[in-house]
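Going line by line, the protein sequences match chains C and R. If you read the first sequence in our numbering, its first letter stands for residue 119, the second for the next number, and so on. If you read the second sequence in our numbering, its first letter stands for residue 111, the second for the next number, and so on.
Please keep in mind that the hints were generated in silico from the structure rather than gathered at the bench. Be aware that a few hints might be false.
[Claimed, not checked] If we take Cβ atoms under 7 Å as the criterion, some of the chain R residues that face chain C in the derived model are:
(1) Y229
(2) H240
(3) V329
(4) E347
[Claimed, not checked] Far from chain R, some chain C residues (derived; all Cβ distances over 10 Å):
(5) P135
(6) E161
(7) G166
(8) L199
Even glycine gets a Cβ: it sits at the ideal position worked out from N, Cα and C.
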Amino acid sequence: MTDPPQVDSDDVEDAHPFILRLFITGATPNSVRAITNLKRLCEKHLPGRYTLEIIDIHQQPEHAELEQLIALPLLIKEQPLPQRRLIGDMSDTPRVLAALGLPGSKS
Amino acid sequence: MSQTVSDRPNAPLYTLPKAPTGITGLDEITGGGLPQGRPTLICGSAGCGKTLFSMEFIVRGAMQFGEPGVFMTFEEKTEELVMNVASLGFDLTQLQADKLLRLDYVHVERQEIEETGEYDLEGLFIRLGHAIDSIGAKRVVLDTIETLFSGLTNQGIIRAEIRRLFEWLRNKGVTTVITGEKGDGTLTRQGLEEYVSDCVILLDHRVSNQISTRLLRVVKYRGGVHGTNEYPFLIDEEGISVLPVTSLTLDKPVSSERVSTGIAALDKMLDGKGFFRGSSILVSGTAGTGKTSIAASFANETCQRGERCMYFAFEESPQQICRNMDSIGMNLQQHVDAGLLRFHASRPTLNGLEMHLVAIHKAVKTFKPTTIVLDPITNLITVGAMSEVKSMLIRLIDFLQTEQITVLFTALSLNTVIQEQTDEGVSSLVDVWLSVKDIEFNGERNRGLYVMKSRGMKHSNQIREFIITDSGLDLVDVYLGPEGILTGSAREAQELLQETGVALRDHAVSRKDREIERKRSVLESRVSALREEFESVQEELNRSYVEDELRNEVLEKNRAQLTRSRHKED
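Full structure from sequences and hints, please.
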């Protein structure tokens with residue numbers, strides 16, 4: 119149930135696209151909330167310059183060991199560096215933005 | 111987790127199934143192992159052997175009981191873990207290749223993680239579930255989930271999730287061992303694991319008198335009887351060994367077979383046959399009374415019968431004992447070479463009492479002797495308190511009696527309070543107590559041996575003099591004279607004196623005999639004189655009688671003649 123990379127190709131004004139990977143577990147409330155929260159946030163703050171891959175580790179359990187997964191949902195910011203890991207349902211918007219290094223966190 | 115009563119009406123109650131750990135002694139304490147399909151907590155402070163304990167549970171499960179296991183480590187990397195347990199002979203790489211083991215290192219780093227709301231530990235569940243399913247694991251170790259608390263901030267979530275994890279593991283039907291660091295006044299730091307576990311085992315590492323002892327205690331065991339005491343355990347090159355200390359019942363087999371002591375005269379004191387097989391013998395005495403010699407001659411005798419003997423020396427080295435016994439005509443080296451005699455020499459302070467006990471256990475299990483010698487047990491007091499030594503010896507005697515092994519202890523008695531207690535403390539346990547005493551008399555020290563007690567046989571109540579000669583040990587009767595017991599040169603002097611007395615008496619007797627002879631001849635000559643006298647008197651008497659006869663005859667004749675002549679005249 120890997121979603122195809124959602125690329126908003128309207129205008130690529132930034133040279134640093136965000137590559138995000140979100141690990142979820144099926145359709146648990148936390149997972150669903152995390153997806154909606156993250157999508158909304160990305161649309162608002164990173165329109166058109168992010169790739170989001172959503173991985174359900176129920177389907178691909180081997181990822182669990184590979185990526186050292188414990189707490190879920192987990193968002194990994196692969197690009198731009200440094201890599202960051204965020205856990206939770208992404209409801210704490212200021213923290214998410216801070217972790218992603220986005221200036222919108224102050225507003 | 112399927113504890114149900116069988117449908118059949120008369121079926122016995124279904125008791126808790128147990129997963130054997132394969133750890134020496136632990137299965138005895140827990141009555142078969144850890145609760146199968148349920149979580150068990152192993153807790154203790156740092157360095158008490160938690161990881162090793164859980165690793166042994168997994169490895170033995172995989173190797174001995176055909177139950178594959180998952181070892182999830184939160185603290186040590188898998189490579190480190192593999193290296194650390196390689197010293198115990200566990201080849202984790204091979205086990206992993208054989209699909210009997212799966213190692214999983216879970217890395218939790220607080221720095222790298224930003225918490226942004228509600229989360230759960232589903233990742234851990236899936237990971238664990240995947241690991242379990244991939245090899246069909248029956249056993250799981252989590253070492254240690256406490257790390258989660260330091261890696262993640264939301265304690266409420268973690269606590270709830272750990273509860274859920276335990277429930278999930280139960281439903282999976284895997285026997286789980288989790289480890290936990292001991293907290294302040296609680297069994298674990300979080301005070302959570304002990305409540306969700308069905309069995310709690312507490313490990314402890316205690317140092318007293320600079321000697322450390324590892325101890326294990328089963329704190330809780332739902333649905334099972336278990337030993338509640340603290341049991342010492344040992345980690346050595348073969349893993350963990352726990353000592354199920356005392357057997358609770360006294361129903362050991364007994365033998366009425368007798369074994370020689372190696373000293374013929376001592377056998378004679380013990381009903382002529384020696385000790386019972388499987389009995390315990392204490393030889394006590396002051397320094398230099400020949401305790402080791404008695405012990406060695408018993409060992410020598412055992413080997414000469416072709417049986418095996420194990421000699422635990424706490425004072426002397428094996429070479430020293432062999433050399434010393436050579437001087438009294440005992441060749442112990444030949445038995446060592448023949449593999450019948452094995453020495454196990456160690457200083458008592460090398461390790462704690464329990465370690466000694468475990469060492470003895472192990473040695474006995476591997477060498478299978480029929481006789482063991484402990485020389486001397488009193489040195490163990492330097493390691494532990496009196497009561498500890500006693501309890502250790504009780505356990506040792508218990509163990510040896512169930513194995514039908516004859517054991518001989520030597521004990522040094524000094525004239526101090528502690529040592530007297532030793533005798534008393536141990537002597538009530540042993541079956542035979544031989545006491546070797548110094549008898550100081552007439553400017554020399556001699557050894558006296560007597561049997562203080564000997565259960566189940568007639569035995570001499572006499573003190574014998576115990577002599578050590580070039581050709582071995584012997585007992586001689588002491589001289590009981592009017593002045594009391596005489597030993598050594600005093601005994602010899604007394605014997606000489608007796609011999610002189612005999613010679614003198616012989617002489618006196620012959621002189622008296624001659625006197626009697628003379629008296630008889632005197633009397634006899636006197637008797638013959640009297641007889642002569644009697645004969646002459648008789649002759650005299652006879653003569654007068656004949657004369658009277660003659661006279662009467664003549665008179666008669668004359669009278670007749672006269673008568674006749676008168677008639678003629680008529």
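Each hint, compared with the structure:
no., hint, verdict
1, Y229, "holds, 4 Å"
2, H240, "holds, 4 Å"
3, V329, "violated, 29 Å"
4, E347, "violated, 32 Å"
5, P135, "holds, 21 Å"
6, E161, "holds, 17 Å"
7, G166, "holds, 23 Å"
8, L199, "holds, 13 Å"
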